[in-house]
Amino acid sequence: MNAIELKGLTYKYSLGTPFESVAVDNVNLQIEKGEFCGIIGHTGSGKSTLIQHLNGLLKPTSGEVIIDGQNIWAKGVDIRSIRFKVGLVFQYSEHQLFEETVYKDIAYGPKNMGCSEEDIDRRVRQAAENMGIKDELLERSPFDLSGGQKRRVALAGVIAMDPEILILDEPAAGLDPIGREKVLKKISDYHKKYGKTILLVSHSMEDIVKYADKVLVMNKGRLFCHEDTDNVFARQDEIIKIGLDVPQITKIMMGLREKGVDLGKDIYTVERAKERILRYMDKGTIC
Amino acid sequence: MLKDITIGQFFPGNSIIHRLDSRFKILLDIAYVVMLFIAGNYCSLLTAGVFMLIVYMLSGISFKLIFKSLKPLLPIIIFTCILNLFFIHGEGEPLVQLGFITIYMEGITTSVFMTVRIVFLIVGMSLLTYTTSPIALTDAIERLLSPLKKLHFPVHELAMMMTIALRFIPTLIEETDKIMSAQKARGANLDTGGLIKKAKALIPVLIPLFVSAFKRANELALAMECRCYKGGEGRTRMKQLKFGMRDIIAVLIMAAMIALIVLMNIYVVIPGV
Chain X
1 MNAIELKGLT YKYSLGTPFE SVAVDNVNLQ IEKGEFCGII GHTGSGKSTL
51 IQHLNGLLKP TSGEVIIDGQ NIWAKGVDIR SIRFKVGLVF QYSEHQLFEE
101 TVYKDIAYGP KNMGCSEEDI DRRVRQAAEN MGIKDELLER SPFDLSGGQK
151 RRVALAGVIA MDPEILILDE PAAGLDPIGR EKVLKKISDY HKKYGKTILL
201 VSHSMEDIVK YADKVLVMNK GRLFCHEDTD NVFARQDEII KIGLDVPQIT
251 KIMMGLREKG VDLGKDIYTV ERAKERILRY MDKGTIC
Chain R
1 MLKDITIGQF FPGNSIIHRL DSRFKILLDI AYVVMLFIAG NYCSLLTAGV
51 FMLIVYMLSG ISFKLIFKSL KPLLPIIIFT CILNLFFIHG EGEPLVQLGF
101 ITIYMEGITT SVFMTVRIVF LIVGMSLLTY TTSPIALTDA IERLLSPLKK
151 LHFPVHELAM MMTIALRFIP TLIEETDKIM SAQKARGANL DTGGLIKKAK
201 ALIPVLIPLF VSAFKRANEL ALAMECRCYK GGEGRTRMKQ LKFGMRDIIA
251 VLIMAAMIAL IVLMNIYVVI PGV
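Residue numbers (the working numbering), protein chains in the order written: chain X, 1 to 287; chain R, 1 to 273.
Take the hints with a grain of salt, since some may be wrong.
[As the list claims (entries may be wrong)] Covered stretches of chain X, going by a simulated chain R footprint (3 or more residues, C-beta under 8 Å):
(1) 118–132
(2) 193–206
[Said to hold, decoys possible] Restricting the straight-line Cα-Cα distance to at most 27 Å, the calculated cross-link-like pairs of lysine-lysine (BS3-like) are:
(3) X/Lys251 / X/Lys210
(4) X/Lys182 / R/Lys178
(5) X/Lys104 / X/Lys33
(6) X/Lys59 / R/Lys200
(7) X/Lys220 / R/Lys200
(8) X/Lys104 / R/Lys198
(9) R/Lys71 / X/Lys85
(10) R/Lys200 / X/Lys85
(11) X/Lys85 / X/Lys12
[To be verified] Output of the computed footprint for chain R on chain X, the stretches with three or more beta carbons under 8 Å from beta carbons of chain R:
(12) 105–113
(13) 174–185
(14) 243–250
Hints listed in this document are in silico derivations from the structure and should not be mistaken for laboratory results. None of these values were measured; they are calculated from a predicted model. Every residue gets a Cβ at the ideal spot worked out from N, C-alpha and C, and that includes glycine.
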C-alpha cells in the first residue's frame, strides 16, 4: 500500500495577482510505506512547496493528496489528525523552539494531540533518546544549546508525535560536518528501528545516496524522476544538465569513462567504486 | 493571510507616475489631500475624483487594487458614514424618527459626501505607496525634513530607522509564516477557539519571532558597525534625487487642479447642497 499518493498536484502562488507563478506543476507520485526517499532539486524547484502539501499546510490549486488511502481534502477530514500522521520538520527547524525547557518543547506536539501525562512523558523520553539528546539536557533551556543540539531537539519535537510519515526539509543544513553526520545518522537509525516512511529533502547528493533507497528529483516544479538510487545515476548526464550535482565519486567515474575505462553508471559510493576498480584490475586489463 | 496586506505595497513599474521625483510625489499627495478638503460640493469633489482616476490610469496600476486598498479601512469608512448619518441635524422636518434615531436629509447628503471624500483620500494616498519604492519614500522624507536638522531633530536617524523597519517588514512576515507553519505541523491550533485561547496559541509563534528579530537586529547593527556606519554626518548618497521638467509640469497641473476646484466651489451651485 502507498503511504503517499499524489494525483496531478498543481500549486500556484499568489493566485489572481500579477505575481502568480506555478510552483508545483502536475506532479503524479506514489511513495510506498517504509520507503526512505531522498528529494533533490535546485533552489526554487518546488521541493519545499511539494512537501508542505503532504500534511495539508498548503491546499493544492488542483489535484489530490492521498495519505494512507485517504484524500486529505475530502469533506469531514480533520486536517490536524493528518498533521499528526505526517510529521514535517522545516528547514532550520531550531527556529521553532520556544519553551522554557527542552522537555516542554518536545512535549508541545504530543500535548496538542491530547495525550495523557504518562504518555507524553514516555514519548518525550523516547524521542529524546532516538535523537541522541541526553537526559540532563531535558531540563535546560533550548536557547542555551549548540546549533546541532537545537536541531535535534526540534526533530525530537516532531518525532515525539510518532508520525507514520516523517518529512525532513534539509535537516542538516548549516551544521558543521560532525553535526551533519550525527543528525543524518540519527534519522537513518530511526528509519531502521521503526520502519517509518521518510522523505528527506537535501541539496547534497552525497547525503541522499548514502541513506535513501529511492531518489525523487524535482526540476522547475515538475517531477523529473522518482526511482531507485541505482537507476537515477544511469541518467547522470541529464541530472547534470538540469543543474544538479552528482557525488564526487560519480564524477571521477565519469572522467574514467571518458578515458575509456567504463566501470558502470551506478557508482555513487566510494565502497562500490573500490569494489569495481578491484574487479576491473583482477581481470588484468589494467596494470 | 499575511500576504494579503496591500497598504504600503510597492508595484514596480516605469510609468510617468513612477518616475516622478519622490519628494514631489509626497508634496503633490499632500496637495491632493488639501484639494479634497477644499472641494466643497459634489461637482468639485467628483472632479478631484476623476483627476485621481486619470492619474491611476497613467500609472498603469490595475483598478482592482483600488478596492484592495479600501478593504482594510472599510470599518472606518462605515463608522464615519453612520456617525454623520445620525448626528447631523438639519433645519427641515426629519425624514425618519424612531426613538432616539432621527435622520435628516442633510444627514444623508453629508454622510455620502464624507464617505466619498474618505474613499478618494485613501485611494489617492495608496497611489503614492503603489508607485514609490519604500527606499525612495524614506529618502524623500529625509530630504523634506532636513530643515529640521537645524533644530537638532535627528532626521537622518529617523529616516534610517524607517528604512530598516520597512526593509524588514516582508522578512518578518515571511518568518512569521514559516514559524506558524512549523507550529501548525506540530498540531498547533491557531485559527479556532475564543480570544484568550487564540492569544495563548500565539505564544509558540511570538517567542521564536522575537528571538530571531532580536538576533537579526544585533547582527545588522554589527554589520553596520563593521562598515563604519556612524550616522548621517557627512554621508553622501548613491542615488541622487533629481527633479526635472516632468516634476515641474506635475506641480503646474496640480496647481491648476486646485484653482479649478476653488473656482467650482464659488461658481457651481447645486441646489440643496
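Okay, the hints, checked on the actual structure:
no.	hint	verdict
1	118–132	violated (count 0)
2	193–206	violated (count 0)
3	X/Lys251 / X/Lys210	16 Å, holds
4	X/Lys182 / R/Lys178	25 Å, holds
5	X/Lys104 / X/Lys33	31 Å, violated
6	X/Lys59 / R/Lys200	26 Å, holds
7	X/Lys220 / R/Lys200	40 Å, violated
8	X/Lys104 / R/Lys198	20 Å, holds
9	R/Lys71 / X/Lys85	38 Å, violated
10	R/Lys200 / X/Lys85	24 Å, holds
11	X/Lys85 / X/Lys12	25 Å, holds
12	105–113	holds (count 4)
13	174–185	violated (count 0)
14	243–250	violated (count 0)
The structure is inconsistent with the numbered hints 1, 2, 5, 7, 9, 13, 14, although it conforms to all the rest.
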